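Trainee: Spelled out, the chains give:
There are 2 protein chains.
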Amino acid sequence: MSELKNDRFLRALMRESVDITPVWMMRQAGRYLPEYKATRAKAGSFMDLCKNPELACEVTLQPLERYPLDAAILFSDILTIPDAMGLGLYFSEGEGPRFKNPVRTEKEVMNLPIPDPNDSLGYVMDAVRTIRSALDGSVPLIGFSGSPWTLATYMVEGSSSKEYSNIKAMMYNRPDLMHHLLETTAQSVISYLNAQVEAGAQALMIFDTWGGILSPRDYQEFSLKYMDKIVAGLTREYEGQKIPVVLFTKGGANWAEDMADTGCDALGVDWTVNIGDIRKRVGHRVALQGNMDPGILYAKPERIRTEVETILASYGEGSGHVFNLGHGIHQFVNPEHAGAFIEAVHNLSPKYHK
Amino acid sequence: MSELKNDRFLRALMRESVDITPVWMMRQAGRYLPEYKATRAKAGSFMDLCKNPELACEVTLQPLERYPLDAAILFSDILTIPDAMGLGLYFSEGEGPRFKNPVRTEKEVMNLPIPDPNDSLGYVMDAVRTIRSALDGSVPLIGFSGSPWTLATYMVEGSSSKEYSNIKAMMYNRPDLMHHLLETTAQSVISYLNAQVEAGAQALMIFDTWGGILSPRDYQEFSLKYMDKIVAGLTREYEGQKIPVVLFTKGGANWAEDMADTGCDALGVDWTVNIGDIRKRVGHRVALQGNMDPGILYAKPERIRTEVETILASYGEGSGHVFNLGHGIHQFVNPEHAGAFIEAVHNLSPKYHK
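As they're listed, the protein sequences go chains Z and B. Residues in the first sequence are numbered consecutively from 1, following my numbering. Residues in the second sequence are numbered consecutively from 1, following my numbering.
So that you can see chain Z by itself, here it is in the shape it has in the complex (with noise of 0.2 Å):
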């Protein structure tokens, strides 16, 4: 494999000194591009994106040829794994994904099986291996997964959902079917992100991108539990080199603490909160990632500059911040403005790394 010509994102997330802060936009690689959608529409369905390498590695380095990016992260989606376990997951128009077949009962969560990363999620590995060739090791790759909190609420109620009313009744009245559930799904998760370390990935995400919806109470048994026995579970150096893990719970900025005492190594950070506050709350056990509203990007590329010194400063000097949106790049934003915003970030953030 080349050497990294760009390693600051890895020196960020290991809290070693680097020349300016990273930057990366969760989601970088969608439809906010017009070069996206006009890939997208050559590859068929949005599953039929991700299941061909040759085009998943075409729009992961789309964003990177249009702004000087830290990091590439492989485009894929976090519900691989259930429609590997035969779920049979679709996109419908406007109504995000859906699962052909939901799990509800005993019988079907007891007959779930853990797949194998190289075989039914092979896709996957090829994709990883193919960008990170393509990468040359300009930056590094990130690898990522749903949580299992979130793959099950999808699993579950069989789409999005406003009010998860299969996922709670089951969670409340069928603990123990919940948890063998959650147990088969870690355990997916452990295999499916080690392969992908193995095939190419430099550093872990974990989206959990449904935690937020839980009691403090249910978020420590339901959520978090889980990802603490993933981070356990991973690879954490591969080839000489470390493997940094980041855990991002939206709307889970009140539990930054147990989250970082799961031994990961970053923690993504939603646009509720100070940044600093979080920063104080977690001392130097974690690198940060994030905070910017997505919603900023609407604004003129001053305002959105001024969001940016405002969110460094509310961080701080020295690192551990790797800078990002605090969710995912919206489609209809301006792509000229999430260049003015990585820009930003680079010219704004020498002095906080003196």
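Hints are supplied without guarantee of correctness; some may be wrong.
No distinction is drawn between identical chains; accordingly, a pair holds when it is met within one copy or between any pair of copies.
Said to hold, decoys possible - The calculated lysine-lysine pairs, modelled on DSS-like cross-linking and capped at a C-alpha distance of 30 Å, are:
#, residue 1, residue 2
1, 162, 300
2, 300, 225
3, 100, 300
4, 107, 225
5, 300, 107
6, 37, 250
7, 42, 162
8, 5, 107
9, 37, 162
10, 225, 250
11, 100, 162
12, 280, 250
13, 280, 242
14, 280, 225
15, 100, 229
16, 242, 229
17, 162, 250
18, 242, 354
19, 242, 225
20, 280, 354
21, 351, 300
22, 100, 42
23, 250, 300
Hints were generated in silico from the structure; no laboratory data involved. For clarity, every value in this text was computed on a predicted model and none was experimentally measured.
Fit chain B to the known structure of chain Z by using the hints.
Mentor: Just chain B now, kept in the frame of chain Z:
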């Protein structure tokens, strides 16, 4: 007016001693009740029901006939004010509220009127008077409004939104216009709520459903500032009776101290925090209303009872707690489970009020 027979709810909001913890449920007059659905079918559309004082009174009283609730809440919608401003509120099945005429241009913002609450909102005052009379002093009647920020999100987006692109563009690019819109809306909310008090409302609640989508800085400037103005402008005593005010920002637990600083009497608390932690943070300044996950009502009564006990213990001894769900009751909940919840609060709470 008849003397109030059950004043637990008002006493708890004023942090005066009570015999048991009072309880009511957000959206307690709603689709989970078959009798509500029957009245709704008779009325026509949802707005037809809101605008018919006799039928609005009928549905307000329905949950009180089933359960020993400690408060009634006016049956209405949070979006009556923008409707009275001429935006044309309607509800499309399964999609939530929509406005025929959203407010986006400078001219549209500058032309927004402050509705006369006894004219274009007279139907709400008629409903308050009818309900107050029908309650005959059994329990107090809560009046309410959406917060300026929450009203503004619907007014600018024209509907529910996932990305809030229009309002965030206005907020970041034209803060002057955003403030004008919020100021007009805040003045409208003040005169609307004061008119509800004159018509018979005995407590007031402000629903800031979308304050939680803001960064801490934007929350202060675009949501809390206007709730602060409202609290300062409200009639806090009427005909010798204190009129307590409850502020509820969903997802706003991080800002509890700032919300308490407005001088309101109580905070609504969603279920993503321990109510005991919030109590420690705000001290004796305000009462707290909440905070059970509405999803627990999908559980069996025994499990519901355990959750009630956990929340009562978290709040601890003494007055200042109004038990409630952390958000509105879901439409597919079994009404018997709601009954088990109310009963559990009354049965399990006396030991906290010795």
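Trainee: With reference to the structure, classify each hint as holding or not holding.
Mentor: So, going through the hints one by one against the coordinates:
{"no.": "1", "hint": "162 / 300", "verdict": "between (33 Å within a copy, 21 Å between copies)"}
{"no.": "2", "hint": "300 / 225", "verdict": "between (42 Å within a copy, 24 Å between copies)"}
{"no.": "3", "hint": "100 / 300", "verdict": "between (42 Å within a copy, 28 Å between copies)"}
{"no.": "4", "hint": "107 / 225", "verdict": "within (24 Å within a copy, 53 Å between copies)"}
{"no.": "5", "hint": "300 / 107", "verdict": "between (54 Å within a copy, 21 Å between copies)"}
{"no.": "6", "hint": "37 / 250", "verdict": "within (27 Å within a copy, 35 Å between copies)"}
{"no.": "7", "hint": "42 / 162", "verdict": "between (33 Å within a copy, 27 Å between copies)"}
{"no.": "8", "hint": "5 / 107", "verdict": "neither (50 Å within a copy, 53 Å between copies)"}
{"no.": "9", "hint": "37 / 162", "verdict": "both (28 Å within a copy, 21 Å between copies)"}
{"no.": "10", "hint": "225 / 250", "verdict": "both (16 Å within a copy, 26 Å between copies)"}
{"no.": "11", "hint": "100 / 162", "verdict": "both (19 Å within a copy, 24 Å between copies)"}
{"no.": "12", "hint": "280 / 250", "verdict": "both (19 Å within a copy, 25 Å between copies)"}
{"no.": "13", "hint": "280 / 242", "verdict": "within (25 Å within a copy, 41 Å between copies)"}
{"no.": "14", "hint": "280 / 225", "verdict": "both (24 Å within a copy, 26 Å between copies)"}
{"no.": "15", "hint": "100 / 229", "verdict": "within (29 Å within a copy, 50 Å between copies)"}
{"no.": "16", "hint": "242 / 229", "verdict": "within (19 Å within a copy, 53 Å between copies)"}
{"no.": "17", "hint": "162 / 250", "verdict": "both (16 Å within a copy, 15 Å between copies)"}
{"no.": "18", "hint": "242 / 354", "verdict": "within (25 Å within a copy, 58 Å between copies)"}
{"no.": "19", "hint": "242 / 225", "verdict": "within (23 Å within a copy, 47 Å between copies)"}
{"no.": "20", "hint": "280 / 354", "verdict": "within (21 Å within a copy, 40 Å between copies)"}
{"no.": "21", "hint": "351 / 300", "verdict": "within (24 Å within a copy, 57 Å between copies)"}
{"no.": "22", "hint": "100 / 42", "verdict": "within (25 Å within a copy, 37 Å between copies)"}
{"no.": "23", "hint": "250 / 300", "verdict": "both (26 Å within a copy, 29 Å between copies)"}
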